[in-house]
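Undergrad: Chain by chain, the residues:
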Amino acid sequence: MLLPRLARTLFRRPLTDPAPATYPEIVAALVERLDAMARGRLGRSLAIRHVGAASCNGCELEINALSGVVHDLERFGLRFVASPRHADVLLVTGPCGRNMNEALLRTHAAMPDPKWVVAVGDCAVDGGVFQGSDAVEPGGVGRLLPVDLLIPGCPPSPTLLLEGLLALLEAEVTAAPPPPPLRPVEPTMESWAEPRRDGPVPEDGPG
Amino acid sequence: MNGPATRLIQSGTRRSPIRWRMDEAGWTALPAALRQEPELEFLGLWGEAERVHAAFRHAGGGPPLLATADAAGGRYAALSPARPAAGLFERMAADLWGLRAEGAADSRPWLDHGFWPRHAPLGRNPKPPLGELPQPAFLPAGGEGVHQIPLGPVHGGVTEPGHFRFHVRGETILRLEARLGYAHKGILGLMRGKSPKLAARLAARISGDSTVAHAWAFAAAAEAATGVAPPPRAILLRGVMAELERIANHLNDAGFLCDAAGFAWPHARCGALREVVLRAADSAFGHRLMMDRVVPGGVSIDIAPSGPDAILAALAAVVAELPPLRRAIDGHAGLQDRLAGSGALAPALAAGFAAGGFVGRASGRDFDARRDLPYAPYDRLGFTVPLRQAGDVAARLQVRLDEMAESLAMVAALLARLEPGETLLPLPARPGEGLGLVEGFRGEVMCWMALDEQGLIRAVFPRDPSWLHWPLLEAAVQGGAMADFPLCERSFNASCSGVDL
Ligand code: SF4
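Listed in order, the protein sequences are those of chains S and W.
With this note's numbering applied, the first sequence corresponds to residues 1 to 207, in that order.
With this note's numbering applied, the second sequence corresponds to residues 1001 to 1501, in that order.
To be clear, the hints were calculated from the coordinates, so they are not data collected in a lab.
Backbone N, C-alpha and C define an ideal beta-carbon position, used for all residues, glycine too.
One should not assume that every hint holds.
Some but not every residue of chain S turned toward chain W, in silico, with C-beta under 7 angstroms [to be verified]:
| # | residue |
| --- | --- |
| 1 | Leu2 |
| 2 | Pro4 |
| 3 | Gly58 |
| 4 | Ala82 |
| 5 | His86 |
| 6 | Gly97 |
Here chain S stands alone, though its shape is the one from the complex (with noise of 0.2 angstroms):
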């Protein structure tokens, strides 16, 4: 009963949107910001862990559309990952309600350096609605964290994250000079075939 639906899809147009275009201003602006903290290169590859700081639900739902095959994150190098440990991303949703305060430090705190923060929906960009509210840290999630990116919206539509997402992969891709190997470079098979003149042949190759 599945298979012929299945197959059809193979030949059917695909749902999934065209991406959108990044804002070259709001590219540039991370890389700056990159270079002055001088992280190291992520590749063009990140993996996002999100914290629902107290959201009224709306922007997750937003998220939780990324992943779905309309707009289809997974194309672009973007994935949720559930450990923060995994995550070279924390996207923050909700105005920081001070009884989440605790998870979300902790959250970003298992992260890996180099992390980014994003601010998502304008709740987590400056409190949004709940402003004024005792319950909630004044300012939103800048106030805790050091953010990179704020993407408002009420919630921001899956469009809108996207371009915010694809922005810091180009600029992680268009920023500062590739960070130095690690380990020699392995020689490659010419460079064992003829002796290198620049340099001295390294002693062991893996073994």
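Dock chain W with the ligand against chain S, hints included.
TA: Here is chain W with the ligand on its own, set in the frame of chain S:
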């Protein structure tokens, strides 16, 4: 047909068509009277400075019944011994208003985790902060080989924050306790002292997935309080939005539920269809989730001229896809094996907790506010309310798929009735009180509001259906396998934000 509890409540002074004010002795006798009248369903309990309110409704029919009593010295008699569903409300009232429920089985803090600058922020005299609380004590489970699994508040997926504490033996869940409050943002405090028009933005954000339902219940309460009848066109548009919200959420959860059972294809299809529906909502009403569209007095924005066609096109896509989707779900033995029998909620529990929405209707509780407390525009629409008895994950999914089919027809019928006309009336600034009750996708959303002399909110309580679903989720997973928990949780999909306020 009035039992002892109803008579007791109605022996108080009548403060509004549906609310009675009881003296302290009357309220103290209420738990005993409630025990003798099991068919009086408990809907919610909330506070005000030194006052406590509770809402009930007869299982047989009729509008809700509200009881109020003074909580002299911040104390009142607990209702939870007679209505276990009141337990969470009493803990909430203690944290927000500093009202102590005397005789309650459970008086542990609920929303206040010790991080607020003041305890009981809504009470007459807010108290100093609780300060750092000891590690929360969870209800125990005895026996040999029992261990605990803590889960959350940060979960593996993109979800709301909530903590689950399991006591398990091997793979079997002996007891689950949910600890919420992580999404608390002080909504009630922010609403107080604002005009209904301003506070509507907060009502729309009580639970983002039910933004239309909450905004509508809030608007209905404000309109009842000020005696305004919203224009007919606005009512029809509210109906369209509410049904679109229901369709989008049912699609979303059906997809995620299948995915949690390891069947990815329906997830992909449902996700694509949901996107079609949300885009139609966006082009018709200018917002994908239709936030801030339902406001006190009507709707804030008329449907775009191309809106009806966009919505009808989206509906056609869902209508075409729904039967094959159902065949795939129903015919997939592996999926049905996971869904059937897991997370079964006994009909007696569903009835005892007055479970709303698909949770109740999958366990034989035949109640739908659109039909049983009819309000415009549903009073003039024909539709059937699906019902199942099994109470398991499969039954909840079936009810939702059936409901979706009904909603698809309703939207088309509502759009066909649209006549040109006004969409928004101003609310007069005057005192009053009102109750709004609207069937959201999870169940009935209830909102009670009292306005002061200037027409500003003196007290308000929006009750999300999840209040009654959380304890039922705990009951439904008991004795089940740990591996089935994601399925059960998805099939209830109770809101954290909706109860954390
Ligand atoms: S930004 Fe809007 S949608 Fe997102 S969590 Fe805040 S209120 Fe909800």
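Undergrad: It remains to establish, for every hint, whether it holds in the given structure.
TA: Results of checking the hints against the structure:
1. Leu2: holds (5 angstroms)
2. Pro4: violated (10 angstroms)
3. Gly58: holds (3 angstroms)
4. Ala82: holds (4 angstroms)
5. His86: Check failed: Cβ of S/His86 comes no nearer than 11 angstroms to chain W, outside 7 angstroms.
6. Gly97: Interface hint status for S/Gly97: holds (5 angstroms vs cutoff 7 angstroms).
Hints 2, 5 from the list above are not met by this structure, while the remaining hints are.
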